[in-house]
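*Asks:* Read off the chains here:
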Amino acid sequence: MSKTILVVDDSASVRQMVSLTLAQAGYRTIEACDGADALSKAGANRLDAVITDLNMPNMDGLTFIKRYRASPASAGVPIVFLSTESDGGIKAEAKAAGATGWMVKPFRPEQLLSVVRKVAGE
Amino acid sequence: MSGIDPIETFRQEAQELLETLEQTLLDLEQRPDDKDLVARAFRALHTLKGSGAMFGFTAVAEFLHDFETAFDRVRKGEAEASKPLVSAALKAQDHVADLVAGGDDPARGQEILANLRAAVSGAAPSGATPCQSAASTPAGAPASETRGWTVRFALPADALVLGTNPLLLLDELRGLAPAKVRAAMAAVPSLEAIEPSASYITWEVTLDGPVALEAIEDVFLFIRDDMDLAIEPLSPVVPETEEKAPAPETAASESAPTPAAKKPEKQTAANERAATSLRVSAERLDELMDRVGELVIAQARLNELAAQSREPALGAVAEEIARLTASLRDTTMSTRMVPIGSLFGRFRRLVHDLSRDLSKPIDFVTVGEETELDKTVIEQLADPLVHLIRNSVDHGVEPAERRCASGKSPTGTIRLSASYRGAEVAIAVTDDGAGLDAVRLRAKAEEQGLIAPSTPMADSDIYPMIFQPGFSTAKEVTSLSGRGVGMDVVKRTIDGLRGSIDIDTQLGRGTTVTLRLPLTLAIIDGLLVRVGDERYTIPLAAVEECVELSATGGVETRGRNFMNIRDALVPFLRLRELFSVPGEPEPFQKVVVVASGSTRVGLVVDQIIGNNQTVIKQLSRLHSGVKTFSGATILGDGTVALILDVMHLVGFGQSLEERRRQDRMGRAA
Chain A
1 MSKTILVVDD SASVRQMVSL TLAQAGYRTI EACDGADALS KAGANRLDAV
51 ITDLNMPNMD GLTFIKRYRA SPASAGVPIV FLSTESDGGI KAEAKAAGAT
101 GWMVKPFRPE QLLSVVRKVA GE
Chain B
1 MSGIDPIETF RQEAQELLET LEQTLLDLEQ RPDDKDLVAR AFRALHTLKG
51 SGAMFGFTAV AEFLHDFETA FDRVRKGEAE ASKPLVSAAL KAQDHVADLV
101 AGGDDPARGQ EILANLRAAV SGAAPSGATP CQSAASTPAG APASETRGWT
151 VRFALPADAL VLGTNPLLLL DELRGLAPAK VRAAMAAVPS LEAIEPSASY
201 ITWEVTLDGP VALEAIEDVF LFIRDDMDLA IEPLSPVVPE TEEKAPAPET
251 AASESAPTPA AKKPEKQTAA NERAATSLRV SAERLDELMD RVGELVIAQA
301 RLNELAAQSR EPALGAVAEE IARLTASLRD TTMSTRMVPI GSLFGRFRRL
351 VHDLSRDLSK PIDFVTVGEE TELDKTVIEQ LADPLVHLIR NSVDHGVEPA
401 ERRCASGKSP TGTIRLSASY RGAEVAIAVT DDGAGLDAVR LRAKAEEQGL
451 IAPSTPMADS DIYPMIFQPG FSTAKEVTSL SGRGVGMDVV KRTIDGLRGS
501 IDIDTQLGRG TTVTLRLPLT LAIIDGLLVR VGDERYTIPL AAVEECVELS
551 ATGGVETRGR NFMNIRDALV PFLRLRELFS VPGEPEPFQK VVVVASGSTR
601 VGLVVDQIIG NNQTVIKQLS RLHSGVKTFS GATILGDGTV ALILDVMHLV
651 GFGQSLEERR RQDRMGRAA
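Protein sequences, first through last, are from chains A and B. Per my numbering, numbering of the first sequence is gapless, rising by one per residue and ending at 122. Per my numbering, numbering of the second sequence is gapless, rising by one per residue and ending at 669.
Among the clues, some could well be false.
[As the list claims (entries may be wrong)] Simulated crosslink set (BS3-like; lysine-lysine; CA at most 27 Å straight-line): (1) B:Lys590 <-> B:Lys627; (2) B:Lys375 <-> B:Lys491; (3) A:Lys66 <-> B:Lys76; (4) B:Lys35 <-> B:Lys83; (5) B:Lys375 <-> B:Lys627; (6) A:Lys3 <-> A:Lys95; (7) A:Lys95 <-> B:Lys76; (8) B:Lys491 <-> B:Lys627; (9) B:Lys35 <-> A:Lys66.
[What the hints assert, rightly or not] Below, a sample of chain A positions facing chain B; criterion: calculated Cβ distance under 7 Å: (10) Val14; (11) Gln16; (12) Ala75; (13) Thr84; (14) Pro106; (15) Pro109; (16) Leu113.
[Stated by the list, open to error] Chain B is nowhere near these chain A residues, computed Cβ spacing over 12 Å in every case: (17) Ser2; (18) Thr4; (19) Ala12; (20) Ala44; (21) Asn45; (22) Arg46.
Please keep in mind that the hints were generated in silico from the structure rather than gathered at the bench. Here the structure is a predicted model, which is why all the values come from computation and not from measurement. Think of the CB as a built atom: it goes at the ideal place given N, C-alpha and C, for glycine as much as any other residue.
From just these sequences and the hints, can you work out the full model?
*Replies:* What follows is the structure, given as structure tokens:
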């Protein structure tokens with residue numbers, strides 16, 4: 001059974017690019033446009049990994065990670081956050097919130113796949 | 001996977017983000033202390049930078065990076081969102097739009113950035129790191145190779161819960177070289193003390209093969225800061241490779257000087273709470289509308305057949321299909337409706353720039369942004385509204401000194417409002433400026449030979465003169481208006497949209513120009529009538545009532561036909577005469593009373609057939625000069641009925657009567 005990955009980003013183009021890349025590699029993806037949307041979708045689906053942006057309207061990525069980690073369903077689910085270099089020390093903060101890994105924007109599709117394989121397997 | 005082009009999506013998204021940015025900057029100019037606005041502008045910049053870089057728009061990303069760096073000072077409260085800053089930021093935003101569209105002018109970009117940095121009070125951190133540092137590889141760490149490594153690691157206790165899977169790590173190590181894995185269980189507590197989700201095992205992996213140290217460290221990239229990790233070469237090699245070389249991503253993300261800043265969680269703009277929506281290309285919607293139009297015609301034919309067949313079952317189906325078609329039509333039409341706010345937004349920038357260029361302080365107020373109109377109508381409205389607003393700024397609102405002299409506030413106000421009026425939408429541009437001067441307009445119109453000097457004319461008939469091509473009362477031509485082109489564009493476009501224009505003005509107090517537009521262009525409800533052997537459709541929105549023309553009901557006064565409807569005299573036109581239908585009129589003539597502008601006019605027809613839904617088909621270009629018909633429609637039986645353009649028809653009828661009256665007077669004399 002293919003693995004299900006929740007893709008959270010307020011930018012439709014980034015979501016689309018991530019989803020497309022993952023779908024071509026055989027993953028199933030669910031898209032969410034902000035933290036609040038992601039939280040409700042995470043509650044309704046069995047996930048194998050989450051890829052989330054940090055800087056989003058309504059609920060930012062950090063809050064989403066904290067809230068999601070507070071639910072038992074998140075146990076063992078890797079969370080990869082996307083950051084840009086100017087986010088600086090936010091990495092430590094995100095890890096403290098419960099993130100598993102990260103990826104620096106911009107990234108190429110191969111980089112995305114290697115990170116996803118690293119945390120979620122094939 | 002075909003059909004979606006992420007780059008196209010990016011372009012659309014970039015445009016939306018730029019619009020948000022522009023609106024936010026303009027708001028910021030009004031409320032420079034609003035932290036939410038600053039945060040919103042910052043986020044738009046940030047998102048755009050992120051996705052720009054992803055899709056290969058490096059120039060966009062680099063420019064935005066510097067833009068963002070400058071703007072960051074405002075976010076941190078080190079600089080104020082002053083007017084010069086907003087102006088510089090708006091220029092920068094324009095430049096980004098150019099870059100996204102494919103233009104590139106680095107010199108201009110640098111100049112804009114320099115202005116922007118100057119605007120955030122000089123000492124902006126220059127030499128900002130370019131965006132692409134992520135690609136750089138860590139220097140000084142030669143790819144050291146040995147014949148193998150021993151890797152010993154233990155995961156932090158909560159690693160499993162937080163999504164790190166040791167099996168995947170082991171798999172990854174195995175992928176690097178043939179590996180032997182041993183698990184050291186010493187730390188595993190007794191069964192009752194065990195925490196099932198914790199990790200107690202220390203792994204020892206022997207990699208038997210030449211592997212770069214960085215490759216091993218990369219495996220533990222995400223957790224190496226929190227874990228015990230020892231990597232030892234199997235045989236002694238160059239000792240400095242033991243030094244931890246930072247992994248590429250780590251290096252990149254820590255090189256930026258910006259300290260972590262918490263993004264605000266609360267977002268005010270309700271419209272950003274994007275409802276679940278879907279992007280559909282406009283052509284597909286047009287296509288859908290076409291199909292629905294054809295369905296409506298087919299359904300009308302079915303109705304007719306069902307009525308003839310007297311088969312009750314068929315009648316029931318036909319009725320059901322009629323109902324479904326009507327609701328499908330409404331739904332389809334609603335998908336094409338766009339809130340007019342998207343259009344209004346552009347004008348804020350226009351007014352901002354105009355007011356600066358002309359040094360006339362102006363408040364721009366918009367009302368009714370949520371009013372929805374057909375997409376095609378909105379697109380075509382942009383130009384006329386630009387002309388109207390420019391005209392208001394340039395000719396309407398007086399310079400501040402003159403305003404003060406006449407006791408007005410020095411700041412002018414221009415109000416752009418939209419509201420529903422029945423099946424129409426009224427869009428009004430109001431200014432509190434000088435108003436139109438009927439005497440001056442008249443003099444100008446006479447000078448230009450548009451009206452004869454002696455013709456008596458009411459003021460309300462003079463105002464529309466400003467829509468005549470080439471008409472301008474401006475004493476001198478400014479860069480904005482006064483050339484006499486523009487206002488006639490307004491008239492032409494609105495006519496083309498089957499709308500109307502009203503002018504309401506008071507000398508010294510201001511002017512309101514109201515555009516009335518039909519909600520949609522594709523389908524209308526019509527009243528089908530017969531004149532002679534031909535059938536015509538009258539837009540139902542224009543119809544007020546239907547009455548019978550009694551044999552003696554018509555009164556003729558000075559060549560004009562009037563009839564008495566509930567003690568009001570209503571002029572009427574005989575369509576038989578107008579369309580030169582041969583033969584005697586039928587004994588019982590009917591009158592359809594229509595509203596044309598602010599007057600009521602009766603149209604005399606032979607028979608009123610009934611309501612029908614009418615899909616408007618444009619007349620061929622050959623007939624584009626024919627104003628009395630706005631189009632044609634295909635009826636259920638396949639014949640064609642022309643759609644009457646009530647306003648033009650009434651105008652045509654009146655001019656015809658006028659000519660006849662003058663003929664008669666000529667004969668009498």
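*Asks:* Hints the structure violates: just list their numbers, smallest first.
*Replies:* 15, 16, 19
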